[in-house]
Amino acid sequence: MTNNKLKDIYNILYSHYGPQNWWPGDSPFEIMVGAILTQNTNWKNVEKAIANLKPYLDPFVLLNMDIDKLISLVRPSGFYKLKAQRLKNFLSFFVERYNGSIEEMKKTELGTMRQGLLSVPGIGMETCDSILLYALSKPVFVVDAYTKRIGVRHNIFGGNATYEGIQKIFEEGIKKDVYIYNEFHALLVKAGKENCKKRKPLCKTSPLEDLV
DNA sequence: TGCCAGGCCGGGT
DNA sequence: ACCCGGCATGGC
28 MTNNKLKDIY NILYSHYGPQ NWWPGDSPFE IMVGAILTQN TNWKNVEKAI
78 ANLKPYLDPF VLLNMDIDKL ISLVRPSGFY KLKAQRLKNF LSFFVERYNG
128 SIEEMKKTEL GTMRQGLLSV PGIGMETCDS ILLYALSKPV FVVDAYTKRI
178 GVRHNIFGGN ATYEGIQKIF EEGIKKDVYI YNEFHALLVK AGKENCKKRK
228 PLCKTSPLED LV
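Residue numbers for the first sequence follow this note's numbering, beginning at 28 and rising by one.
Rather than coming from a laboratory, the hints here were simulated on the basis of the structure. Please note: incorrect hints may appear among the correct ones.
For lysine-lysine, the following PhoX-like pairs were computed, each having C-alpha atoms within a straight-line distance of at most 25 Å [as the list claims (entries may be wrong)]:
| # | residue 1 | residue 2 |
| --- | --- | --- |
| 1 | K75 | K220 |
| 2 | K134 | K165 |
| 3 | K224 | K195 |
| 4 | K81 | K108 |
| 5 | K115 | K175 |
| 6 | K71 | K224 |
| 7 | K165 | K34 |
| 8 | K195 | K175 |
| 9 | K32 | K71 |
| 10 | K96 | K133 |
| 11 | K34 | K71 |
| 12 | K75 | K217 |
| 13 | K133 | K115 |
| 14 | K217 | K34 |
| 15 | K71 | K217 |
| 16 | K202 | K34 |
| 17 | K96 | K115 |
| 18 | K165 | K217 |
| 19 | K115 | K134 |
| 20 | K108 | K134 |
| 21 | K224 | K203 |
| 22 | K195 | K34 |
| 23 | K203 | K165 |
| 24 | K224 | K115 |
| 25 | K133 | K195 |
| 26 | K175 | K165 |
| 27 | K71 | K115 |
| 28 | K75 | K108 |
| 29 | K175 | K32 |
| 30 | K195 | K32 |
Using the sequences and the accompanying hints, generate a full structural model.
What follows is the structure, encoded as structure tokens:
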């Protein structure tokens with residue numbers, strides 16, 4: 028069963044904005060780091076932090092780095108003490124369980140991988156799923172605040188829908204395809220930034236306006 | 001200038 | 001099982 032409305036939304040956004048080619052990042056490891064740093068934070072600020080981290084983008088190097096130094100590097104991304112610790116938490120997990128190897132991690136069964144990531148303090152569902160989809164190319168639909176706002180706005184689901192409820196609707200409503208999951212989420216963020224902000228959720232200029 | 005950003009956690013109800 | 005405050009910098 029595919030949901031035509033979701034397919035329509037995808038097609039409209041894709042035609043309007045074109046491919047987004049996410050995630051912006053030079054390596055899967057950088058994507059993982061970025062996924063943590065971008066929690067409730069403007070991507071522009073994350074870019075600054077990642078620029079600071081560039082010379083040290085290796086799981087072992089970062090794991091062994093003095094916490095105060097790490098804090099100073101991630102500072103521009105905001106919530107810096109919190110995020111430095113969350114990065115450490117993730118790095119411990121990544122090194123202990125997978126020896127800091129993307130390839131090794133990718134061999135794991137998806138459910139196990141997801142459970143493991145979610146057990147890391149500071150990694151919630153969106154961060155976890157972003158890592159799975161964008162760093163590890165796993166077919167997991169990423170739900171975020173924009174996805175929810177736009178979905179409610181277009182009557183795909185109600186305002187009380189949960190993360191996993193929304194995720195299920197998307198995963199069951201469109202073709203299970205990493206490329207589509209990748210682009211769809213990125214397109215929703217793009218559309219959301221332009222038309223579906225917190226204080227003006229009216230989408231007057233949205234390419235989706237006709238659908239409502 | 002204030003409001004907001006690609007969340008998550010812990011404590012209170 | 002929800003709801004809320006805290007976390008913080010920098011862009012527009």
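Comparing the hints with the structure gives:
no.	hint	verdict
1	K75 to K220	holds, 20 Å
2	K134 to K165	holds, 11 Å
3	K224 to K195	holds, 24 Å
4	K81 to K108	holds, 19 Å
5	K115 to K175	violated, 30 Å
6	K71 to K224	holds, 17 Å
7	K165 to K34	holds, 20 Å
8	K195 to K175	holds, 13 Å
9	K32 to K71	violated, 32 Å
10	K96 to K133	violated, 30 Å
11	K34 to K71	violated, 30 Å
12	K75 to K217	holds, 20 Å
13	K133 to K115	holds, 21 Å
14	K217 to K34	holds, 17 Å
15	K71 to K217	holds, 14 Å
16	K202 to K34	holds, 9 Å
17	K96 to K115	holds, 12 Å
18	K165 to K217	holds, 22 Å
19	K115 to K134	holds, 23 Å
20	K108 to K134	violated, 32 Å
21	K224 to K203	violated, 28 Å
22	K195 to K34	holds, 15 Å
23	K203 to K165	holds, 10 Å
24	K224 to K115	violated, 32 Å
25	K133 to K195	holds, 23 Å
26	K175 to K165	holds, 21 Å
27	K71 to K115	holds, 22 Å
28	K75 to K108	holds, 16 Å
29	K175 to K32	holds, 15 Å
30	K195 to K32	holds, 15 Å
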